[in-house]
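S.K.: Starting from the structure of chain A, add chain B where the hints point.
There are 2 protein chains.
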Amino acid sequence: MGSHCRDEVSNKQIIFQDYVTGFPKETDMVSKTSTIRLNVPQGSNAVLVKNLYLSCDPYMRSRMKKSLVKSYVPSFTPGLPMAGYGVAKVLDSGFAALKEGDLVWGITGWEEYSLITEPETLFKINHADVPLSYYTGLLGMAGMTAYAGFYEVCCPKRGEFVFVSAASGAVGQLVGQFAKLMGCYVVGSAGSTEKVDLLKNKFGFDDAFNYKEEHDLNVVLKRYFPEGIDIYFENVGGTMLDAALLKMRLNGHIAVCGMISQYNLEKPDGIYHLANVITKRIHIKGFLVLDHYHLYPKFLESTLKYIKEGKIVYLEDIAEGLDSAPAALIGLFTGHNVGKQVVVVARE
Amino acid sequence: MGSHCRDEVSNKQIIFQDYVTGFPKETDMVSKTSTIRLNVPQGSNAVLVKNLYLSCDPYMRSRMKKSLVKSYVPSFTPGLPMAGYGVAKVLDSGFAALKEGDLVWGITGWEEYSLITEPETLFKINHADVPLSYYTGLLGMAGMTAYAGFYEVCCPKRGEFVFVSAASGAVGQLVGQFAKLMGCYVVGSAGSTEKVDLLKNKFGFDDAFNYKEEHDLNVVLKRYFPEGIDIYFENVGGTMLDAALLKMRLNGHIAVCGMISQYNLEKPDGIYHLANVITKRIHIKGFLVLDHYHLYPKFLESTLKYIKEGKIVYLEDIAEGLDSAPAALIGLFTGHNVGKQVVVVARE
Numbered sequence: 001m002g003s004h005c006r007d008e009v010s011n012k013q014i015i016f017q018d019y020v021t022g023f024p025k026e027t028d029m030v031s032k033t034s035t036i037r038l039n040v041p042q043g044s045n046a047v048l049v050k051n052l053y054l055s056c057d058p059y060m061r062s063r064m065k066k067s068l069v070k071s072y073v074p075s076f077t078p079g080l081p082m083a084g085y086g087v088a089k090v091l092d093s094g095f096a097a098l099k100e101g102d103l104v105w106g107i108t109g110w111e112e113y114s115l116i117t118e119p120e121t122l123f124k125i126n127h128a129d130v131p132l133s134y135y136t137g138l139l140g141m142a143g144m145t146a147y148a149g150f151y152e153v154c155c156p157k158r159g160e161f162v163f164v165s166a167a168s169g170a171v172g173q174l175v176g177q178f179a180k181l182m183g184c185y186v187v188g189s190a191g192s193t194e195k196v197d198l199l200k201n202k203f204g205f206d207d208a209f210n211y212k213e214e215h216d217l218n219v220v221l222k223r224y225f226p227e228g229i230d231i232y233f234e235n236v237g238g239t240m241l242d243a244a245l246l247k248m249r250l251n252g253h254i255a256v257c258g259m260i261s262q263y264n265l266e267k268p269d270g271i272y273h274l275a276n277v278i279t280k281r282i283h284i285k286g287f288l289v290l291d292h293y294h295l296y297p298k299f300l301e302s303t304l305k306y307i308k309e310g311k312i313v314y315l316e317d318i319a320e321g322l323d324s325a326p327a328a329l330i331g332l333f334t335g336h337n338v339g340k341q342v343v344v345v346a347r348e
Numbered sequence: 001m002g003s004h005c006r007d008e009v010s011n012k013q014i015i016f017q018d019y020v021t022g023f024p025k026e027t028d029m030v031s032k033t034s035t036i037r038l039n040v041p042q043g044s045n046a047v048l049v050k051n052l053y054l055s056c057d058p059y060m061r062s063r064m065k066k067s068l069v070k071s072y073v074p075s076f077t078p079g080l081p082m083a084g085y086g087v088a089k090v091l092d093s094g095f096a097a098l099k100e101g102d103l104v105w106g107i108t109g110w111e112e113y114s115l116i117t118e119p120e121t122l123f124k125i126n127h128a129d130v131p132l133s134y135y136t137g138l139l140g141m142a143g144m145t146a147y148a149g150f151y152e153v154c155c156p157k158r159g160e161f162v163f164v165s166a167a168s169g170a171v172g173q174l175v176g177q178f179a180k181l182m183g184c185y186v187v188g189s190a191g192s193t194e195k196v197d198l199l200k201n202k203f204g205f206d207d208a209f210n211y212k213e214e215h216d217l218n219v220v221l222k223r224y225f226p227e228g229i230d231i232y233f234e235n236v237g238g239t240m241l242d243a244a245l246l247k248m249r250l251n252g253h254i255a256v257c258g259m260i261s262q263y264n265l266e267k268p269d270g271i272y273h274l275a276n277v278i279t280k281r282i283h284i285k286g287f288l289v290l291d292h293y294h295l296y297p298k299f300l301e302s303t304l305k306y307i308k309e310g311k312i313v314y315l316e317d318i319a320e321g322l323d324s325a326p327a328a329l330i331g332l333f334t335g336h337n338v339g340k341q342v343v344v345v346a347r348e
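Heads up: the protein sequence lines correspond to chains A and B, in order. Here full-length UniProt numbering is used: the first residue of the first sequence is 1, the next is one more, and so on. Here full-length UniProt numbering is used: the first residue of the second sequence is 1, the next is one more, and so on.
Bound conformation, chain A alone (with noise of 0.2 angstroms):
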């Protein structure tokens, strides 16, 4: 054997099969093993790492469908492995800011080893007194999505109705403690009365409830919302959000974050209630959190505080090994997850 493949290893990788229409299955993915060589190339500025968590998050979806415009996040290239948010160790660099031993956050791919070949993209991980899978939501994307989502979209003022969607996610459930320690009044939705617990008990909700079982949500949202909604922090879209703006108040907010719900369906619903805005002079402001990472130190430092004061406390949905990885993103759409899901490819 030459010495080039000295360093070569085994890789498992889950494969993106073809573009998705409707609901995604397991089987779009799929698990297979080459090798690659632990070093980056010669005079390249790539670094090579080995990946420890992987997160599982709704926006994937877009990229599993054949992109007819230009998106801001391409499709996945069937044949290629799968690729999001990840926490890695570095195991080579050319990349003058990261060198071996270090931890990193950022884009990696579905395989246990990845080159990564846009380096700068990465963060690098100071703070390592925390669970090493936070850098996949709590203090990564989701995390900075929640943050930038409720302080710089929302307007929030003390004592202002608040109500979350798919609270209990891995977004959600940071807007609600960030909501009450600003001193609003928070009410959640969530599909199970496990995940309904977690709301009131675990992340110290006002109230919450479980959509799946109620028939009628302009009822429901009257209940839990008697004198109106200040904010909706929207993560789920179609007749949640029909119903929510029948219920905002004056001058209120919607955050649009994201429409799970709509995601895998052929034709979205139909919103039918939009002429609200007009006379409550409603806000409704879409936003994604990468025009938004300039905050992250600023987001970083204020959330480690609050994670080691206990003000502020995270759930982590932890699948086991590369091979679990499809499971569980497909479980982001059926509600299968409670809290945050993540994939352990190695601790360490």
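The reader is advised that the hints may include incorrect statements.
Remember, identical chains collapse to one label, so a pair may be satisfied in a single copy or spanning two.
To be verified - Derived lysine-lysine pairs resembling BS3-like cross-links, with alpha carbons at most 30 angstroms apart:
{"id": "1", "residue 1": "Lys200", "residue 2": "Lys124"}
{"id": "2", "residue 1": "Lys308", "residue 2": "Lys280"}
{"id": "3", "residue 1": "Lys267", "residue 2": "Lys280"}
{"id": "4", "residue 1": "Lys222", "residue 2": "Lys65"}
{"id": "5", "residue 1": "Lys157", "residue 2": "Lys280"}
{"id": "6", "residue 1": "Lys66", "residue 2": "Lys280"}
{"id": "7", "residue 1": "Lys298", "residue 2": "Lys212"}
{"id": "8", "residue 1": "Lys25", "residue 2": "Lys280"}
{"id": "9", "residue 1": "Lys202", "residue 2": "Lys305"}
{"id": "10", "residue 1": "Lys12", "residue 2": "Lys305"}
{"id": "11", "residue 1": "Lys267", "residue 2": "Lys222"}
{"id": "12", "residue 1": "Lys280", "residue 2": "Lys124"}
{"id": "13", "residue 1": "Lys222", "residue 2": "Lys124"}
{"id": "14", "residue 1": "Lys222", "residue 2": "Lys66"}
{"id": "15", "residue 1": "Lys32", "residue 2": "Lys202"}
{"id": "16", "residue 1": "Lys267", "residue 2": "Lys212"}
{"id": "17", "residue 1": "Lys99", "residue 2": "Lys305"}
{"id": "18", "residue 1": "Lys65", "residue 2": "Lys50"}
{"id": "19", "residue 1": "Lys298", "residue 2": "Lys65"}
{"id": "20", "residue 1": "Lys212", "residue 2": "Lys12"}
Treat the hints as calculated values from the structure; they're not laboratory data.
M.R.: Leaving out everything else, chain B in the frame of chain A:
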């Protein structure tokens, strides 16, 4: 006859018959003649006015239905006269700021003479060197709506692509002219060839189209906005809004002024493309002119100047006589009016 009757005169009125569902009809209103004393009651701060010009505005449709919840404007009362914006001459005043002979604009009755018991809501007209009817539209509520909606809600910048629906109407024709004055590229939609010609040749829009001749609004917006829309000034709602959502550019603004296509529907049209607000970070903001009247002096000064310089023109559709008012109002909902719909009750 006693002295209390000495100043009583005949007063033709347009009476609101009963709450309306679906499309309003002329017969929802009826002409009736009663009598009125032309003095204000002793000790009252009311003013007694002779109505000159009345305004027909789409928002009045909302006053014709029975409000189940508190609205920003109350429902009309069956059996009492219709009411709306108008220009009037003061015949008698118990209100210190107004005296006999003053011209005013504000909310008045659909009748020859009105006793106005909230005279503080009236604006005194100090510039009568323009057509007085302008204070029902261009220099009144509609003009102020266009001004506040465009400058305060749309966040316009030179060179941006602006789309205005119902563009030849009371508000739209002005929004387009404001946008041109700011150096934007402006396209309007309207419902007839005549209106499209006006938009292009009288109001200076860069382009315009007749939506009634188009069977696919997505295709038509693509044609007129190959690079997308930065600002959509929304007057119509429904399918036009849905098509515009698809063509919005990154960080675009949708200022929701009205949704006239929806006001007479039992069930509004569904909107299916709201997920675009996330990826394109779209701002949707509903507004009511009521929140912006503090800008009226500034608006009036600049708009009077533009009128005198010939930089702003305004087209009115004048209906003669109080009896023509019901048909004029109904005509708004079929697009019968060409320009701002005014009813002349008396010219002085």
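S.K.: State for each hint whether it applies.
M.R.: Checked hints:
With identical chains, the CA atoms of Lys200 and Lys124 are never at most 30 angstroms apart, being 34 angstroms at best within one copy and 57 angstroms at best between copies. Proximity of Lys308 and Lys280 under a CA criterion of 30 angstroms is satisfied in neither setting, with 40 angstroms inside one chain copy and 36 angstroms between copies. In this assembly of identical chains, Lys267 and Lys280 lie within 30 angstroms of each other by CA distance both inside one copy and across copies; the values are 28 angstroms within and 19 angstroms between. Taking CA atoms no more than 30 angstroms apart as the test, Lys222 paired with Lys65 passes between copies only; the shortest distance there is 23 angstroms, against 37 angstroms inside one copy.
Proximity of Lys157 and Lys280 under a CA criterion of 30 angstroms is satisfied in both settings, with 18 angstroms inside one chain copy and 26 angstroms between copies. Proximity of Lys66 to Lys280 under the C-alpha cut-off of 30 angstroms is restricted to the inter-copy arrangement: shortest distance 18 angstroms between copies versus 38 angstroms within a copy. Within a single copy, Lys298 and Lys212 get their C-alpha atoms no closer than 37 angstroms, and across copies no closer than 53 angstroms, so neither meets the 30 angstroms cut-off. For a Cα distance limit of 30 angstroms, the shortest separation of Lys25 from Lys280 across copies, 28 angstroms, qualifies, whereas the shortest one inside one copy, 41 angstroms, does not.
Proximity of Lys202 to Lys305 under the C-alpha cut-off of 30 angstroms is restricted to the intra-copy arrangement: shortest distance 18 angstroms within a copy versus 62 angstroms between copies. Neither within a single protomer nor between protomers do Lys12 and Lys305 lie at most 30 angstroms apart by alpha-carbon distance, with minima of 37 angstroms and 73 angstroms respectively. With identical chains, the CA atoms of Lys267 and Lys222 are at most 30 angstroms apart both within one copy (28 angstroms) and between copies (21 angstroms). For the identical chains of this complex, Lys280 and Lys124 are inter-copy neighbours only, at 29 angstroms across copies versus 44 angstroms inside a copy, given an alpha-carbon limit of 30 angstroms.
Proximity of Lys222 to Lys124 under the C-alpha cut-off of 30 angstroms is found in neither arrangement, the shortest distances being 46 angstroms within a copy and 43 angstroms between copies. With identical chains, the CA atoms of Lys222 and Lys66 are at most 30 angstroms apart between copies only, with a shortest distance of 21 angstroms across copies and 40 angstroms within one. When the C-alpha separation of Lys32 and Lys202 is checked against a cutoff of 30 angstroms, the pair qualifies neither within a copy, at 39 angstroms, nor between copies, at 67 angstroms. In the homo-oligomer, the alpha carbons of Lys267 and Lys212 lie at most 30 angstroms apart both inside one protomer (21 angstroms) and across protomers (25 angstroms), since each shortest distance falls under that limit.
For the identical chains of this complex, Lys99 and Lys305 are intra-copy neighbours only, at 27 angstroms inside a copy versus 66 angstroms across copies, given an alpha-carbon limit of 30 angstroms. In this assembly of identical chains, Lys65 and Lys50 lie within 30 angstroms of each other by CA distance solely inside one copy; the values are 28 angstroms within and 66 angstroms between copies. For a Cα distance limit of 30 angstroms, the shortest separation of Lys298 from Lys65 qualifies neither inside one copy, at 35 angstroms, nor across copies, at 51 angstroms. Taking the shortest Cα distances, Lys212 and Lys12 never come within 30 angstroms of each other, neither inside one copy (38 angstroms) nor across copies (58 angstroms).
Comparing the model with each numbered hint stated earlier shows that hints 1, 2, 7, 10, 13, 15, 19, 20 do not hold.
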